[in-house]
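Novice: Given only the sequences and the hints, what does the whole structure look like? Please build it.
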Amino acid sequence: MKQSEQITDSKQVLSFVPKRIDSSINNQTMGNDIHGYSWLHPSSSLMVDTISTARDIEDPNIKDEALKLLHNIQNTLKFLDFHSCDLNLIPPMHAHNNEDGTFITELVSKNYRIGFNIEKENIESSWYLVTKGNLGEIDASGYLAPNINQNKLILWLLLFPLMEY
Amino acid sequence: MPYPEKFIKGIPDDKCIYEDGTIATHLFHFHENSSRKDDNMDQSINWYDDENAITHTLNQINPHSKEIHFKEGLVTIVLDDLEWLNKRPGVNNILNYERQPLDQNPYHGNLLIHKDIPKKSMKKISAGIALLASQIIR
Numbered sequence: 019m020k021q022s023e024q025i026t027d028s029k030q031v032l033s034f035v036p037k038r039i040d041s042s043i044n045n046q047t048m049g050n051d052i053h054g055y056s057w058l059h060p061s062s063s064l065m066v067d068t069i070s071t072a073r074d075i076e077d078p079n080i081k082d083e084a085l086k087l088l089h090n091i092q093n094t095l096k097f098l099d100f101h102s103c104d105l106n107l108i109p110p111m112h113a114h115n116n117e118d119g120t121f122i123t124e125l126v127s128k129n130y131r132i133g134f135n136i137e138k139e140n141i142e143s144s145w146y147l148v149t150k151g152n153l154g155e156i157d158a159s160g161y162l163a164p165n166i167n168q169n170k171l172i173l174w175l176l177l178f179p180l181m182e183y
Numbered sequence: 332m333p334y335p336e337k338f339i340k341g342i343p344d345d346k347c348i349y350e351d352g353t354i355a356t357h358l359f360h361f362h363e364n365s366s367r368k369d370d371n372m373d374q375s376i377n378w379y380d381d382e383n384a385i386t387h388t389l390n391q392i393n394p395h396s397k398e399i400h401f402k403e404g405l406v407t408i409v410l411d412d413l414e415w416l417n418k419r420p421g422v423n424n425i426l427n428y429e430r431q432p433l434d435q436n437p438y439h440g441n442l443l444i445h446k447d448i449p450k451k452s453m454k455k456i457s458a459g460i461a462l463l464a465s466q467i468i469r
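In order, the protein sequences belong to chains A and B.
Convert by adding 18 to the 1-based position in the first sequence; the result is the number in this note's numbering.
Convert by adding 331 to the 1-based position in the second sequence; the result is the number in this note's numbering.
Calculated from the structure, these hints are not laboratory results.
Heads up, a few of these hints could be off.
Footprint (simulated), chain A over chain B, 3 or more residues, beta carbon under 8 Å [what the hints assert, rightly or not]:
hint	region
1	349-361
2	419-431
3	445-452
4	455-462
Cross-link-like lysine-lysine pairs, in silico, DSSO-like; alpha carbons within 27 Å at most [to be verified]:
hint	chain 1	residue 1	chain 2	residue 2
5	A	Lys150	B	Lys418
6	B	Lys451	A	Lys150
7	A	Lys86	A	Lys96
8	A	Lys81	B	Lys450
9	B	Lys337	A	Lys150
Backbone N, C-alpha and C define an ideal beta-carbon position, used for all residues, glycine too.
Specialist: Structure, rendered in structure tokens:
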């Protein structure tokens, strides 16, 4: 048994990485929906530390907004993975609880950073995408206001690392 | 006194470094400073005026804790790179800098930004500065 696998009492082997259905194999069956192992989904490894940091936020409003944001990010990662995007192209995600009680999470690459800031006043919460010269010196930011469709925004931002290659 | 080619940003603790060794953007956040008499927020830096600046920064003592101030080392940033960042349309020359030598630290200075700038812009610019940082020096 590989280190990335788990064996149940009924001797069913579960993979730590959801396997895709191979259309070339007739009558291939899966033990569950391919995203049924969401806690073992590749997106979890990208986000486990950020979720842990968000759970330590003291202000309940900021904590609530941060966890909602991270939930939306995780759903977007699952969506991208479902559509065969290589999540290995997305850089590690980090998070920090600032001394003033606010929260920041960012994806950090050598040539760009994508970040999200959760502020005490929700209307001030924001996102950014900044890049070095070799990627066009992009210098973008905006708000995570309540009327913003976070899922669309996050998808647009997470496509950037995938397009960079 | 003209400005040198680079400036130094000390790293006070491991919360400013992510697990993979990259510098966190919040190290470069600007803060309001009640002792300032202008309309700027600032963040402390040291100017890389000479070869002693690195050693001096690594040996700096925090006046409150009496311990080494920058426990996790420092990074350097080329001033021309900061100027180039400053020229971007989204930054639009709102960054500035100054010398502010102190009794125990002749290299001290500040990066400056107007305090009325929206938080989202300040934090975006901080991320842009973090992208310019060198490898960590310890």
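Novice: Decide if the proposed pair is consistent with the structure: lysine 451 (chain B) and lysine 150 (chain A), CA atoms, cutoff 27 Å inclusive.
Specialist: Within the cut-off at roughly 19 Å; holds.
Novice: Is the hinted pair lysine 337 (chain B) and lysine 150 (chain A) satisfied, with a Cα-Cα distance of at most 27 Å?
Specialist: Between lysine 337 (chain B) and lysine 150 (chain A) the Cα gap is close to 18 Å, so the pair holds against 27 Å.
Novice: Closer than 8 Å, Cβ to Cβ, for at least three residues: run that test on the region 445-452 of chain B against chain A and report holds or violated.
Specialist: As far as the region 445-452 of chain B goes, the hint holds, because 4 residues have Cβ atoms under 8 Å from chain A.
Novice: Taking 8 Å as the C-beta cutoff, is the stated coverage of the region 419-431 of chain B by chain A satisfied by three or more residues?
Specialist: Our answer is that it holds, as 4 residues pass the Cβ test (under 8 Å) against chain A, meeting three.
Novice: Taking 27 Å as the top limit, are the C-alpha atoms of lysine 86 (chain A) and lysine 96 (chain A) close enough?
Specialist: Measuring from Cα to Cα gives roughly 15 Å; hence the hint holds.
Novice: Holds or violated: the region 455-462 of chain B covered by chain A, criterion of 3 or more residues with Cβ-Cβ distance under 8 Å?
Specialist: holds (count 5)
Novice: With a cut-off of 27 Å on the C-alpha distance, tell me whether lysine 150 (chain A) and lysine 418 (chain B) pass.
Specialist: OK: lysine 150 (chain A) and lysine 418 (chain B) at ~13 Å, within 27 Å.
Novice: Compare the distance between the alpha carbons of lysine 81 (chain A) and lysine 450 (chain B) with 27 Å, and conclude whether the hinted pair is satisfied.
Specialist: holds (19 Å)
Novice: Do three or more residues of the region 349-361 of chain B come closer than 8 Å to chain A, measuring C-beta to C-beta?
Specialist: Coverage by chain A holds here, the residue count being 8 at a Cβ distance below 8 Å.
Checked against the numbered hints given earlier, the structure satisfies every one of them.
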